[in-house]
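S.K.: Work out the full structure: start from the sequences and follow the hints.
Here the protein sequences line up with chains A and B, keeping their order. The first sequence begins at 14 in the numbering used here and counts up by one. The second sequence begins at 14 in the numbering used here and counts up by one.
Worth flagging that the hints you see were computed from the coordinates, not collected in a lab. Mixed in with the good hints, there may be bad ones.
The list treats identical chains as interchangeable, and a pair is accepted whether it falls inside one copy or across any two copies.
Straight-line Cα separation of at most 25 Å, PhoX-like style, residue types lysine-lysine; simulated pairs [claimed, not checked]:
id: 1; residue 1: Lys233; residue 2: Lys450
id: 2; residue 1: Lys280; residue 2: Lys337
id: 3; residue 1: Lys331; residue 2: Lys71
There are 2 protein chains.
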Amino acid sequence: MGTAETLPRNEEGIAAALGVLKQQFGEAFHTGQSMREQHGHTTTWIETQAPDAVIFAKSTDEVSAIVKVCATHKVPVIAYGTGTSLEGHVNAPAGGVCVDLTEMNAIKAVHAEDLDCVIQPGVTREQLNTHLRDQGLFFPIDPGANASLGGMASTRASGTNAVRYGTMKDNILALEVVMPSGEVIRTGTRAKKSSAGYDLTRLMIGSEGTLGIITEITLKLQGIPEAMSSARCSFETIDAACQAVMATIQYGIPVARIELLDSLAVKAANAYSKLDLPEQHLLLLEFHGSEAGVAAQSEMFGQIAEEFGGSGFEWTQKAEDRTKLWQARHDMYWASLALRPGAQGVSTDVCVPISRLAECVTAAKERADELGLISTVVGHVGDGNFHMLPLVNMDDADELARAQGYVSWLNDLAISMGGTCTGEHGIGQGKRPYLRKELGAAVDVMAAIKAAIDPDGIMNPGKIL
Amino acid sequence: MGTAETLPRNEEGIAAALGVLKQQFGEAFHTGQSMREQHGHTTTWIETQAPDAVIFAKSTDEVSAIVKVCATHKVPVIAYGTGTSLEGHVNAPAGGVCVDLTEMNAIKAVHAEDLDCVIQPGVTREQLNTHLRDQGLFFPIDPGANASLGGMASTRASGTNAVRYGTMKDNILALEVVMPSGEVIRTGTRAKKSSAGYDLTRLMIGSEGTLGIITEITLKLQGIPEAMSSARCSFETIDAACQAVMATIQYGIPVARIELLDSLAVKAANAYSKLDLPEQHLLLLEFHGSEAGVAAQSEMFGQIAEEFGGSGFEWTQKAEDRTKLWQARHDMYWASLALRPGAQGVSTDVCVPISRLAECVTAAKERADELGLISTVVGHVGDGNFHMLPLVNMDDADELARAQGYVSWLNDLAISMGGTCTGEHGIGQGKRPYLRKELGAAVDVMAAIKAAIDPDGIMNPGKIL
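M.R.: Structure below.
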């Protein structure tokens, strides 16, 4: 496990708050070790820092009540969705109370005529889309994991569909948020656009629970396209695959998804998901539109792929074939881990201007090889976003140090190319050293906002700043 | 003229700051009355509150130097672009220094391969699009006026194309901002997406110069579509026109523009722009896509329009015809004023969920009639956004009071329908009473942010909060 910084604990406050909350919440209040550890544990190589208690909240009022008690006693409060974050977001480095929001999973309203819906934060992506399907609607953002939408809002998540539909910041109209005082605010309305004051909706999206706890979300929805097709194409070199992506985007083909898997990732997917893809570098695409539109898009991409030496180009509208390929893509994290049993994946998440994509991916792969690190490459490459995943034996201190040095080097490289140290995972604990490298004095402005909104620093301490 | 609140002046500080700035800026420093008044004056019915001095800044360093002097002496600083805002945004209710940014109008870089560009804030929309045309690119946001892009960012502007391309918040990657201390920050990178900390880019967009002065903007660009077509269709009732809009949006036709002009607005346009449109309620549309795509979209809309009793449906790809129609739409503010020479237009700007559009527009029109107010209706109705423009004889106190009561009533109505008191104009001075009605305690959070970032309240005081 990678170590995580601990912060000073307010033992007296924690004891007092736990006493009050135990009384108030009875059976919804938990202090058992396994429950606590499970709530500090996420899909990450960073060590678990368990909270002192876990409370399953059932309503905004309950979240507000918990935060008020914690505010009184200056005790940390950490919101928890599905625990699929990757940078230690739900760790409790100063202890405190974890608010589990999974039982706040009501879909409160679907306004089909306005293409929006109102949900509680514990609703997951798959739950929502299952609910919407009969109405011909869907919510496009898809980070892979079946994450809660509150968590996705909190990390400004995106994933495979973002190249077409944007990220969480582009698909939320309004939030209800419990502030660090316990007060409940609404950040917007159901209007499609607004110029009414500071954009608190966007400020809260991506704030990782450090400014408040999201208790309700008004989401934009999309009509399910008349037709969808998937395509795939293999390339001998990573550079050729990236060049094909750049050309596709620059040509303006409105791809819904364009994903890169390097040959090692393809090998892992073949083994884990029982596929027989050619073990070359692979682009997986999806097109949304009319029957004629998706056919035209698929064929235009086919021509571009051919120009860059792609082979095995295939496209299909068959739902079954599409689902199988995308399921394999979603299982890539687990498929990668299975390449080296016992190893942990050290996740990375850089995003660069598309013109630098080929150069950045190629350099990242060469450097990993030089350092003797085994790593797949997968990426939402239409946005210039990709992930290396060095598979590290955590008992080998030297290997871990090399992997950490590599992450640092890769973040610096992306920043030097005009990119970011995190396209979608967020800062959490793991990316804090890089935030200032990327944004300099802007981080002081973030700190001033944090201090103004949460003067006692009780909301998810030790994250982002 | 409508009156505007004055705020206490820091006479001593203003005198001291002006003394220093005059020395520092020489010929770029102005205190002549007409220059000062021109810089408080905008396209608005709110009275002019002139600043004490106007400085034409030539660089970020100069803006920073001005802000530093004003910070030292606790003197207001107001950024000025083209003066086309509508709610008293550039007024100086406590006096102070106006920073005119029109000379900071360099297009610093166009990255065609990444579909982005880097510009100074004084670049106007038309200037940018003229510059981009040869590269097959355009910037889609179009509020009508040839506004500066810094001003458009500051008010979170949108306009006719927003239904397809979003608002300023969706089309900016990063900003350079001079903060109230004079320090310069960068809020983002050229990466297409990022989860790196609080979204300061979106916080600054729409903050109307109250948190800092935008000195550089990295904008997203679009490829000029292969084909564009315009369509128009007339309706006997406003309700029928709105129902056709709602059906068009709900059907998912990706219109680039869908604008409503009521019969009075059409009459005004005919007179002002020498057109001979049928004097019924009119929808004006634009479609972007492939040749086949825009033809299909135009025809699909034609069918919907027919269902709702539309008549005179026509569509064209001829650039000349398209330009003439859209120029008339852009001139609507002046065309409306010409309906009643000597009157001022009291602008409004509500935005409601599309399902409430017909009801809201119909009620707004009926109420104006009841109050004896002469008003056109124009709207970016695909987003549920529309503007009434009561034409008021400002010497008639009773008529002005009725118009002000009407604005208040309309904002309340929009808010009660789940909408907003401003879809795109911003709060400025004029909409301040409605912000709390719309967002309640969230306004306190905005105030806390303002106090944290600008503790002396020198940035554009008396606006938003």
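S.K.: Please go over all the hints and tell whether each is borne out by the structure.
M.R.: Now for the hints, and whether the structure bears them out:
no.: 1; hint: Lys233 <-> Lys450; result: between (34 Å within a copy, 23 Å between copies)
no.: 2; hint: Lys280 <-> Lys337; result: within (16 Å within a copy, 59 Å between copies)
no.: 3; hint: Lys331 <-> Lys71; result: neither (41 Å within a copy, 59 Å between copies)
Hint 3 from the earlier list is the only one contradicted by this structure; the remaining hints agree with it.
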